[in-house]
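Trainee: Starting from the known structure of chain G, fit chain B onto it as the hints suggest.
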Amino acid sequence: MGKRIGHIDWYILLPIVGLMFFSIAFVYSASAPFAELKFGSKETLFLSHSIRIGLGLLALLFFSRIDYHLIAKLSKFLLIVAIGLLVFVLFGGEEVKGASRWVNLGFFRFQPSELAKYALILHLSVLLTKKQDYIKDFKQGMMPLLIWSGIVTFLILLQPNHSTALIILVISISMMFIGNVNLFHLGGLSLVGFAILTSYAIVAKYPIQRVSAFLGLSKSTEVVEVFNYQLQQSLIALGNGGVIGLGPGQSRQSALFLPESYGDFIFSVIGEEYGYIGAAIIIIVFLIILWRGMIVAKNAPDLLGYFLSCGIIITLSIYALVNACVNCGLLPTTGLPMPFISYGGTAVIFHGAAVGVLLNISAQAGVYPKDEKQVIEEPDSEEQPTLFEE
Amino acid sequence: MEEENNIENFEEEFQNSKKRLYKFWLILLFISIGFIAVIVRLFIIQIIDADKYQLQAKRQHEAKVPLRAERGNIYDRNGNLVAGTVMGVSLAADPTILKEKEKLCSILEKSVGLNSIELLNKIKSTDGAFVWLARGLIPDDLIGIDSIKLNGFIKYIEPRRNYLYSPIASQIIGCTDVDNKGLSGIELSFDTLLSGKSGYMIMQRDATGHIHPTANLPVIEALHGKSIIITIDIELQRIIEYELKKGMERTNSLSGTVIALEPSSGEILGMASYPSYDQNDLKNVQAMAMKNKAITDLYEPGSTFKTITASAAIDKNIITPTKMCNGHLGLLDYGKYQIKDDHPIGIVSFADALAYSSNVIFSQVGNSIPDADFASYLSNFGFGKRWGVELSGEPAGRIKKAEELTPASKRFMSFGYGISVTPLQMITAYSAIANRGVLMKPHIVKATIDNNGDTTFNNPKTIRRVISENSADTITKMLIGVVEKGTGKSAQIEGYKVAGKTGTTQKLVNGSYATQSYYASFIGFFPADRPKIALLVLLDSPQGSYYGGAVAAPIFRDILIDWLAVNPITASEKVNGSKSRFDSVFVPDLRGLYVRDVLKIVQNLKLKLQNVFDTNSVIISQNPKPTSKIKLWGKIDIVVFDKSKKAELTDVRGLTLRRAITILNNSGIKSRVIGTGKVSEQLWSGRKSCTLICK
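Sequences listed follow chains G and B, in order. Note that the numbering used here numbers the first sequence so that position 384 is 384, with each residue one more than the last. Note that the numbering used here numbers the second sequence so that position 44 is 1044, with each residue one more than the last.
For the record, the hints were derived by calculation from the structure and aren't laboratory data. In this text the structure is predicted, and so the values were computed from the model without any measurement. Please note that the accuracy of each hint is not assured.
Quick list of simulated restraints, FRET-style, between CB atoms [what the hints assert, rightly or not]:
#1 G:Lys76 with B:Ile1033: 51 to 61 Å
#2 B:Gln1054 with G:Leu191: 57 to 67 Å
#3 B:Ser1111 with G:Leu158: 52 to 62 Å
#4 B:Leu1223 with G:Ile288: 53 to 63 Å
#5 B:Leu1055 with G:Phe88: 44 to 54 Å
#6 B:Gln1056 with G:Gly335: 16 to 26 Å
#7 B:Gln1056 with G:Leu158: 48 to 58 Å
#8 B:Ile1033 with G:Gly92: 41 to 51 Å
#9 B:Leu1029 with G:Phe88: 36 to 46 Å
#10 B:Gly1113 with G:Gly335: 51 to 61 Å
#11 G:Leu47 with B:Gly1113: 54 to 64 Å
Derived BS3-like pairs: lysine-lysine, alpha-carbon spacing no greater than 30 Å straight-line [said to hold, decoys possible]:
#12 G:Lys131 with B:Lys1019
#13 G:Lys298 with B:Lys1019
#14 B:Lys1670 with G:Lys73
#15 B:Lys1023 with G:Lys73
#16 G:Lys136 with B:Lys1023
#17 B:Lys1099 with B:Lys1124
#18 B:Lys1323 with B:Lys1340
#19 B:Lys1058 with G:Lys38
#20 B:Lys1489 with G:Lys131
#21 G:Lys139 with B:Lys1019
#22 G:Lys76 with B:Lys1507
#23 G:Lys130 with B:Lys1099
#24 B:Lys1316 with B:Lys1283
#25 B:Lys1635 with B:Lys1625
#26 G:Lys131 with B:Lys1018
#27 G:Lys76 with B:Lys1018
#28 B:Lys1485 with B:Lys1507
#29 B:Lys1023 with G:Lys130
#30 B:Lys1489 with B:Lys1532
#31 G:Lys76 with B:Lys1124
#32 G:Lys136 with B:Lys1019
#33 G:Lys298 with B:Lys1018
Idealized CB from N, CA, C, for every residue including glycine.
Next up, chain G with everything else stripped away, as it sits in the complex (with noise of 0.2 Å):
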């Protein structure tokens, strides 16, 4: 176990490091008008978000030289300390925008949700893999998995933020339902987590009025008002952008028209300045990375690489389409970012050592076998492949 008998897949490696790339200059043209204004410098955010990719960039490869068994066995301890780190910013976290989410270490400021979704991920894939021969019973099975996921998905809807707990929980149910539990339990437990989410969302009231501002439903309040216009914004620049867009560097939404232009709705910028084809580019980019992890899993050498596999894709193509909907106004307005591109901090960090483990998964899947000829030979991947290396 755990030898690679192949090259990592390139067709993931490629479009992700040209994702984070391209994020430099988008970046930079949409953080310019609001860094030049608060900072006083242009390159403020652009300076800070290109060292981020580096700090990504690095994550990735070291990632995908280790063995994500050796990862695996650290999920529950990188889980505990995630949780830890929830439970802090409760109560020790810095404050943006009126959420405590952030854990400052004075030369490194982190969400701890953003390690504790891979760690969840890590911990699943594990529990998953030990507990499938009894996972269709609920006790023994499915009632860690559900403890586990409830605890993260809870103190990320305390700090507040909705969004990200919803995603998570999402995650969560599509990892439990690849993981064969029983789908009645799912199905019933499912319906009692979105109803305790949609009560609580409604005692919460912040994300029951975004949703009817953006479904039209609620009269105007001033919260309406702020939605509809960062949508309206986010439209106004994807329409602007047309077929062929404006040029780099030449969007004029984010001259602080579009709160957040260089964050969560990045994309929208990418649609001005590029046009249609730029923003279709990046969907089709994230569906090629989505089919190359759909390979990868399929080969994957063990069930472990696999559960692994399915709920890294999975996590990075949902945030990748709820950002792209919102920006589009196919979603009420959310604050996920776009994975790779948007300006979020230390997002990029965590997504890059995820896309690491999943690269050194389709490594040891032998998708691309070090030696060609050796796939003429033996197109069979489940023939014994320890075999050649005696």
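Mentor: Relative to the frame of chain G, chain B by itself:
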């Protein structure tokens, strides 16, 4: 080994059997459908509905920012600024925000002198969010304003027209409204020229409302207004208005008009009517006071018109000045109508008939001029037509055409009844005589200066020769006689010859001539032998004495006496006849300036530079010295710093600090400066450094 492999194989197979890939694919299918929905949605936004969003984007991004054109200045003929623009302060309020309305109003009453009750009414009667409280205030008046910090109180800095000589020449120059748009006078006639053309800049507006210029959006530069030099001599104008007012008070006239014209060019030197108004205080102005009666009013010229009749008769050789005429002792009875003289005379020369202003004799002389000739002389002198002077409201007046003339109408017309003329037409006709028979077009704009400082002169325009030089000289001599011995004696000025004619006209009131209402006038030119100025004085309904010779002629005289007092050079006119004060200029201070900059200055002053070798060097001394006088096109010697020579002990005393340092730096001399302003002392420490003490 094999067993181990088998176990591993088995485990792997077992694990693979647990890969329910279809479940994963199901989720991926959902996600992929989502992505495809995004692509479709983008297609709708970015391609199908793009126009709609692009319009919205354009609307919110681009802001049209007006670039205000500066209104041009108005200068008098000697370059004095008479109308300029200063920055004024306007006050406004937003009643929806302003809470302490009473407080604001009482502060404004104390600090600016505005009426607090009026202000309060203004604020309270406004429904909207904006009301002007006062516009175009002078910043000096507003010392207390800066300390007012009330929400809803708004201060604007706006350009405001400033009339430096007001109320002098107010009717000519006119005024502007609070938006700097011309309302009357030159300001109105030349509004387009003066105001220029405002430009605009399309700027990009960000969401915070800040606007930024962008390179690829159009900028239409403002075209600043041109400046105008008017022909008015503001000093003469001041005298005219002063003497007219004095005369008005003396005679209790209804109104009065004066025009001064330069006969050789037709330039209007001064023009006033009373009552007048102050352009800087437009609140209490009556419409009548803004009227420029010299141009807009029609009247019957009466006896002053005899000069025109005489010109026609003499130029046509119908009569000579020495020809004896019968005055019929002041009464000529034609049956249907009588012609009377107030001062009856018997048989006198034609010259004396003019001097004593005999209606009886002029009615006979006028009748002896053929209809066609009479009509054409009138028309040639410019009567019955608008002169098209650059001010609005000028009427054509009315004279009879040749075919309309009858002996009766000719007889009355010959002494100025039955026609209507403007004061401007009269003075222009007299100027033609003063100009030895050549009629010049009257005008008031001497030149326009565009933004580059290029001046376009409005050259004097000759209309035609009306009478021969000899005839003009003859008439002039007769007019001198009027002043020397006739009705115009009060116009005499000691030491000078004055030519002129009095006029006293019964006013036509409701179709009949009133017995108690007269126009008293005097029209003449000065000095009679080489006229510099033609002057008309017209009083409407003087009380008490109403004869032109008694009430109008003294005003004529006083204006000229005052003018001589402030223009002593003109006094030499009589002695050597050629010099004027415009023949010499003050020498400017050129030290410390680059030769290339000086060339144009010197050119404009009508001077010349001598010893110009290198235009990129700095002038360190000059001869003649600054502020001395020099003849037109005189030469100024300059010494420039020469790098090849040793540094010399350059004297920079009396120069402004900036110029002084320019010179010293160019000369390689180190300088230390104490104080600011002009250099008063220059202390040398060695040949290469000095200390400047400035005050």
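Trainee: If a hint holds in the structure, say so; if it does not, say that too.
Mentor: Going down the list of hints, with the structure as the test:
no.: 1; hint: G:Lys76 with B:Ile1033: 51 to 61 Å; verdict: violated (35 Å)
no.: 2; hint: B:Gln1054 with G:Leu191: 57 to 67 Å; verdict: violated (45 Å)
no.: 3; hint: B:Ser1111 with G:Leu158: 52 to 62 Å; verdict: holds (59 Å)
no.: 4; hint: B:Leu1223 with G:Ile288: 53 to 63 Å; verdict: holds (58 Å)
no.: 5; hint: B:Leu1055 with G:Phe88: 44 to 54 Å; verdict: holds (50 Å)
no.: 6; hint: B:Gln1056 with G:Gly335: 16 to 26 Å; verdict: holds (25 Å)
no.: 7; hint: B:Gln1056 with G:Leu158: 48 to 58 Å; verdict: violated (39 Å)
no.: 8; hint: B:Ile1033 with G:Gly92: 41 to 51 Å; verdict: holds (42 Å)
no.: 9; hint: B:Leu1029 with G:Phe88: 36 to 46 Å; verdict: holds (39 Å)
no.: 10; hint: B:Gly1113 with G:Gly335: 51 to 61 Å; verdict: holds (59 Å)
no.: 11; hint: G:Leu47 with B:Gly1113: 54 to 64 Å; verdict: holds (58 Å)
no.: 12; hint: G:Lys131 with B:Lys1019; verdict: holds (14 Å)
no.: 13; hint: G:Lys298 with B:Lys1019; verdict: holds (8 Å)
no.: 14; hint: B:Lys1670 with G:Lys73; verdict: violated (81 Å)
no.: 15; hint: B:Lys1023 with G:Lys73; verdict: holds (26 Å)
no.: 16; hint: G:Lys136 with B:Lys1023; verdict: holds (16 Å)
no.: 17; hint: B:Lys1099 with B:Lys1124; verdict: holds (11 Å)
no.: 18; hint: B:Lys1323 with B:Lys1340; verdict: holds (21 Å)
no.: 19; hint: B:Lys1058 with G:Lys38; verdict: holds (25 Å)
no.: 20; hint: B:Lys1489 with G:Lys131; verdict: violated (135 Å)
no.: 21; hint: G:Lys139 with B:Lys1019; verdict: holds (22 Å)
no.: 22; hint: G:Lys76 with B:Lys1507; verdict: violated (118 Å)
no.: 23; hint: G:Lys130 with B:Lys1099; verdict: violated (74 Å)
no.: 24; hint: B:Lys1316 with B:Lys1283; verdict: violated (54 Å)
no.: 25; hint: B:Lys1635 with B:Lys1625; verdict: holds (12 Å)
no.: 26; hint: G:Lys131 with B:Lys1018; verdict: holds (12 Å)
no.: 27; hint: G:Lys76 with B:Lys1018; verdict: holds (23 Å)
no.: 28; hint: B:Lys1485 with B:Lys1507; verdict: holds (27 Å)
no.: 29; hint: B:Lys1023 with G:Lys130; verdict: holds (19 Å)
no.: 30; hint: B:Lys1489 with B:Lys1532; verdict: holds (20 Å)
no.: 31; hint: G:Lys76 with B:Lys1124; verdict: violated (73 Å)
no.: 32; hint: G:Lys136 with B:Lys1019; verdict: holds (15 Å)
no.: 33; hint: G:Lys298 with B:Lys1018; verdict: holds (11 Å)
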